[in-house]
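Chemist: Chains X and U supply the protein sequences, listed in that same order. Per this note's numbering, the first sequence starts with residue 1, numbered consecutively. Per this note's numbering, the second sequence starts with residue 1, numbered consecutively.
Possibly wrong hints are sitting among the right ones.
[Unchecked claim] Away from chain U, derived, C-beta distances all over 12 Å, residues of chain X: (1) Ile62; (2) Ser64; (3) Val68; (4) Ile77; (5) Met158; (6) Gly172; (7) Tyr280; (8) Gly297; (9) Ala300; (10) Leu306; (11) Gly346; (12) Met347; (13) Phe394; (14) Tyr408.
[Unchecked claim] Label-pair distances were calculated between CB atoms; the ranges are: (15) U:Glu235 x X:Pro87: 39 to 45 Å; (16) U:Arg410 x X:Ile388: 41 to 47 Å; (17) U:Arg410 x X:Leu214: 33 to 39 Å; (18) U:Leu73 x X:Leu128: 28 to 34 Å; (19) U:Ser375 x X:Phe117: 29 to 35 Å; (20) U:Arg410 x X:Phe117: 54 to 60 Å; (21) X:Leu128 x U:Lys454: 41 to 47 Å; (22) U:Arg410 x X:Thr192: 48 to 54 Å; (23) X:Pro217 x U:Asp413: 52 to 58 Å; (24) X:Leu128 x U:Asp413: 54 to 60 Å; (25) U:Glu71 x X:Thr123: 54 to 60 Å.
Simulated from the structure, these hints should not be mistaken for lab results. The C-beta atom is built at its ideal place from N, Cα and C for all residues, glycine as well.
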Amino acid sequence: MKIGKAFHPQISPICADEKEPRAHAMTSVSLVCDLSWFNLRNLRNLRIDSRFYGMSAPLIEIRSAPHVQSAKTVETIMRNVVYSLLPICTFYVFQYGISALLSIAVVTGACLLTERFFVGTGTQAGRLSDYSAVITGILLALTLPPGFPLWMGAVAGMVAIALGKALFGGIGFNVFNPALVGRAFVQAAFPTAIATYTPSFLPGRFTEFIPSTLAWPLMIPDSAAAWLKAKNLDALAGATPLAKWKFDGVLANADELLTSLSGHMAVGPSPLLILLCGAYLASRRFMDWRIPLAVLGSAALTAWLLFAFDPARYPNPFFMLFSGGLILGAVYMATDMATSPVTPKGMWVYGALIGLLTVVIRYYSGLPEGVMYAILIANAASPLIEKITQPVPFGRGVLDRVKKRATYPLNPGYISREEASAVTPKKRFLPNKPKK
Amino acid sequence: MKLVSYFRGEAFQRGVHPPGCKLTAERKIRRLPFPDRVTVPLSQHIGKVPRAIVRVGQEVVRGQPIAKSDEWLSVPHHAPLSGVVEFIGLRPGMRGPWVESIVIRAHRGATQEDLWGRPRDLSQASGQDILQAIWDSGMVGLGGAAFPTHAKLSVPKQAKVHTLVVNGCECEPYLTCDHRVMIEQSADLIAGIRYAMRATGAVRAIIGVEDNKPDAVQVLRQAIADAAAAGVTEEIHVEAVPTKYPQGAEKMLITALFGAEMPAGGLPIALGMVVSNVGTLAALGKLLPLGQGLTERVVTVTGPGVARPGDYRVILGTPLKFVLDYAGAPAVDAMDARQVILGGPMMGQAIGSLDVPITKGVSGVLVFRREDMQSRESRQTYPCIKCGECVESCPMGLNPSTLGMLAAKREYDLMGEQYYLGDCFECGCCTYVCPSNIPLVQQFRVAKQILREKAA
Chain X
1 MKIGKAFHPQ ISPICADEKE PRAHAMTSVS LVCDLSWFNL RNLRNLRIDS
51 RFYGMSAPLI EIRSAPHVQS AKTVETIMRN VVYSLLPICT FYVFQYGISA
101 LLSIAVVTGA CLLTERFFVG TGTQAGRLSD YSAVITGILL ALTLPPGFPL
151 WMGAVAGMVA IALGKALFGG IGFNVFNPAL VGRAFVQAAF PTAIATYTPS
201 FLPGRFTEFI PSTLAWPLMI PDSAAAWLKA KNLDALAGAT PLAKWKFDGV
251 LANADELLTS LSGHMAVGPS PLLILLCGAY LASRRFMDWR IPLAVLGSAA
301 LTAWLLFAFD PARYPNPFFM LFSGGLILGA VYMATDMATS PVTPKGMWVY
351 GALIGLLTVV IRYYSGLPEG VMYAILIANA ASPLIEKITQ PVPFGRGVLD
401 RVKKRATYPL NPGYISREEA SAVTPKKRFL PNKPKK
Chain U
1 MKLVSYFRGE AFQRGVHPPG CKLTAERKIR RLPFPDRVTV PLSQHIGKVP
51 RAIVRVGQEV VRGQPIAKSD EWLSVPHHAP LSGVVEFIGL RPGMRGPWVE
101 SIVIRAHRGA TQEDLWGRPR DLSQASGQDI LQAIWDSGMV GLGGAAFPTH
151 AKLSVPKQAK VHTLVVNGCE CEPYLTCDHR VMIEQSADLI AGIRYAMRAT
201 GAVRAIIGVE DNKPDAVQVL RQAIADAAAA GVTEEIHVEA VPTKYPQGAE
251 KMLITALFGA EMPAGGLPIA LGMVVSNVGT LAALGKLLPL GQGLTERVVT
301 VTGPGVARPG DYRVILGTPL KFVLDYAGAP AVDAMDARQV ILGGPMMGQA
351 IGSLDVPITK GVSGVLVFRR EDMQSRESRQ TYPCIKCGEC VESCPMGLNP
401 STLGMLAAKR EYDLMGEQYY LGDCFECGCC TYVCPSNIPL VQQFRVAKQI
451 LREKAA
């Protein structure tokens with residue numbers, strides 16, 4: 001019986017003692033164990049055993065339950081997000097030509113190189129092959145203007161991974177969305193370049209770079225106005241719909257916002273395509289559907305309330321939803337798993353906060369666009385949101401909530417009322433308050 | 001499908017849908033030959049460990065009591081075969097530590113009939129008599145928990161039981177022993193249900209069967225109709241419940257049938273119910289009229305590493321090596337590393353030695369080959385990416401993500417007080433869905449054990 005107390009594979013603190021999560025794999029995988037292991041500890045039993053059964057010692061491995069696992073891994077999630085981004089990127093390149101293509105390639109490459117450096121030095125969890133840096137790179141490129149100087153894009157990518165991710169410890173540990181950290185940095189560092197949009201569907205976009213793209217490293221690009229003038233385009237054509245509304249009071253039409261096929265307006269990646277790809281991700285459960293719904297719903301509601309209050313001063317909710325980066329932010333940025341709450345209720349609160357903040361920033365601040373700051377602020381609030389929206393455990397909610405349409409009544413009718421009340425607990429079970 | 005059952009209010013919330021892999025659902029139960037020796041561990045159930053009442057060298061007959069205890073929460077053991085007691089002492093146990101066991105060597109050529117029983121007519125017996133008969137038969141819950149059945153079926157004075165819930169869900173992948181028992185022993189099951197209803201004073205019994213076993217539902221409905229035609233007056237229903245893991249947990253089954261959440265920390269008896277497994281009641285229905293003890297049970301031997309998977313009627317104490325040799329997983333080719341699991345793949349126990357015997361609580365033996373485990377071994381472990389899959393799958397409505405992070409920080413007290421660690425019944429859903437491959441359940445087991453030790 002002494003041996004019995006000494007050896008408890010069930011309860012030996014194998015995994016909880018490991019601070020380094022990467023070590024779990026080793027400890028949980030194999031504790032190869034054969035009979036000789038026991039024999040070292042009890043020679044008396046060795047003799048009995050060999051007398052009974054001979055000394056066969058097949059290799060059996062011990063793991064802790066469950067012994068089966070679903071096929072979904074971090075890699076499959078991230079890879080599917082990348083797949084869903086590909087159509088968006090393709091259309092974006094179709095809109096803006098080779099400048100956009102090169103921008104996506106350079107920013108993603110910068111992210112991957114930075115990730116490679118930090119993973120290689122061992123300061124960051126995760127692996128290069130988990131595709132998370134690819135997502136960061138593509139998303140970051142999609143939020144930048146297509147003619148953004150490539151060297152600035154590379155800086156944005158490096159900052160995104162280094163400050164947004166590696167600093168916190170890598171995948172899963174980051175507090176803020178890395179792509180938005182990178183964008184916030186370049187927004188502060190290069191305010192002119194990031195506000196310089198060029199119109200989409202320019203003629204010759206597949207043969208000619210937007211001049212600002214090829215600016216020398218550490219050099220500020222020339223203004224795009226001269227280049228646009230040479231193309232017989234109004235310099236203002238490069239303004240985004242939000243900037244136009246904010247500074248000129250011009251509202252864009254719906255078709256311009258949705259596809260930008262009719263005019264030369266400078267909108268970012270196509271909102272309809274993003275919604276479509278987001279629907280694919282949500283249907284395969286690689287993304288939570290609650291957050292985009294909460295963001296868009298809350299933004300539309302806030303915008304509609306203000307629009308109803310004063311239609312002359314505030315634009316309609318449709319314009320709010322489909323201009324700027326709100327759709328991209330709601331579908332791809334806000335749903336970043338590591339920086340959003342895990343609790344279902346928390347996701348609604350978090351999404352609603354983003355929608356509200358976006359509209360407020362767009363209306364009342366000096367900036368035309370507010371999605372980025374709204375998401376970053378909500379990221380910071382996410383641990384707090386999670387803390388106050390913990391799920392109610394089974395059997396700890398309000399007990400009277402017996403579903404009416406259950407198959408059987410809880411008490412059979414032929415038990416009298418007195419007897420029924422004797423067996424049904426009257427106490428209401430509410431969540432325990434934490435003990436001090 | 002999930003949406004439909006949600007709006008109809010049938011299933012519990014959350015849970016997972018692992019692939020069924022019920023390889024043996026179509027095969028009849030077969031009897032395994034008797035081994036040369038059986039090892040009967042004295043501790044096979046929850047509660048006090050009984051004492052051996054035989055000596056080394058003593059001859060025993062199949063069905064004769066060989067271990068007994070005067071404690072209430074304990075059951076006797078019976079000799080699984082006729083032979084000579086060869087050894088009483090430590091033998092390998094399924095949880096790792098060696099346990100006190102009785103080894104019996106079979107008489108060659110003995111008839112091996114169960115001769116010890118005292119057949120009697122229980123048709124007029126009172127509930128107390130039936131409880132006593134159940135106690136004498138050494139019956140424990142055959143679903144896996146191995147809680148003494150007489151203790152489960154005896155109702156405290158202040159409580160009143162109106163419903164007997166019979167658990168035929170068998171939600172674990174691979175296992176089919178309850179499924180086959182329901183089909184092949186439906187008459188025994190009805191008899192067992194009637195005994196249990198009389199013992200508890202329940203006025204109705206509801207058999208909950210997962211809807212992936214329509215044949216079992218049909219057979220049971222027929223059996224109930226037959227029994228009613230033969231003059232049985234008890235009210236027995238069969239209900240198909242949605243297939244979902246862990247539907248077989250008693251709290252989840254009660255939610256599926258009655259739409260009510262059992263209060264946390266409470267027993268079904270608080271709602272006037274007693275839950276019992278179909279295998280247990282079928283065995284009761286067979287053994288009680290004969291007055292015999294529990295000496296055998298149905299075990300599903302299955303998995304990719306077994307050549308002839310099936311449900312086998314195995315005498316208790318049969319070494320796993322014998323079972324696996326018979327079912328076509330020769331244990332002797334020592335170079336092939338493999339994993340042998342007692343129970344189902346979600347909650348089962350991996351064992352370290354093939355000398356471990358089949359005990360009363362073992363419902364299945366699963367064998368995975370090396371190549372079956374490779375995909376798990378090659379899987380990279382990541383930090384928690386907070387995808388929320390575990391929160392969406394936890395049937396108890398806990399937050400495994402936060403609990404896991406607290407466990408890594410060793411904040412065990414916080415886990416217990418604010419995040420309801422005690423409610424976790426280790427079903428394994430969170431670990432099953434975790435894309436980061438974090439062994440959440442194992443962390444919770446450790447944390448619970450540490451909290452238990454702290455409290456003691």
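Chemist: Run every hint past the structure and note whether it holds.
Modeler: Hints versus structure:
{"no.": "1", "hint": "Ile62", "in the structure": "violated (5 Å)"}
{"no.": "2", "hint": "Ser64", "in the structure": "violated (4 Å)"}
{"no.": "3", "hint": "Val68", "in the structure": "violated (5 Å)"}
{"no.": "4", "hint": "Ile77", "in the structure": "violated (6 Å)"}
{"no.": "5", "hint": "Met158", "in the structure": "holds (22 Å)"}
{"no.": "6", "hint": "Gly172", "in the structure": "violated (4 Å)"}
{"no.": "7", "hint": "Tyr280", "in the structure": "holds (17 Å)"}
{"no.": "8", "hint": "Gly297", "in the structure": "holds (19 Å)"}
{"no.": "9", "hint": "Ala300", "in the structure": "holds (24 Å)"}
{"no.": "10", "hint": "Leu306", "in the structure": "holds (32 Å)"}
{"no.": "11", "hint": "Gly346", "in the structure": "violated (9 Å)"}
{"no.": "12", "hint": "Met347", "in the structure": "violated (8 Å)"}
{"no.": "13", "hint": "Phe394", "in the structure": "violated (4 Å)"}
{"no.": "14", "hint": "Tyr408", "in the structure": "violated (5 Å)"}
{"no.": "15", "hint": "U:Glu235 x X:Pro87: 39 to 45 Å", "in the structure": "violated (59 Å)"}
{"no.": "16", "hint": "U:Arg410 x X:Ile388: 41 to 47 Å", "in the structure": "violated (24 Å)"}
{"no.": "17", "hint": "U:Arg410 x X:Leu214: 33 to 39 Å", "in the structure": "violated (55 Å)"}
{"no.": "18", "hint": "U:Leu73 x X:Leu128: 28 to 34 Å", "in the structure": "violated (56 Å)"}
{"no.": "19", "hint": "U:Ser375 x X:Phe117: 29 to 35 Å", "in the structure": "holds (31 Å)"}
{"no.": "20", "hint": "U:Arg410 x X:Phe117: 54 to 60 Å", "in the structure": "violated (32 Å)"}
{"no.": "21", "hint": "X:Leu128 x U:Lys454: 41 to 47 Å", "in the structure": "holds (42 Å)"}
{"no.": "22", "hint": "U:Arg410 x X:Thr192: 48 to 54 Å", "in the structure": "holds (51 Å)"}
{"no.": "23", "hint": "X:Pro217 x U:Asp413: 52 to 58 Å", "in the structure": "holds (55 Å)"}
{"no.": "24", "hint": "X:Leu128 x U:Asp413: 54 to 60 Å", "in the structure": "violated (39 Å)"}
{"no.": "25", "hint": "U:Glu71 x X:Thr123: 54 to 60 Å", "in the structure": "holds (58 Å)"}
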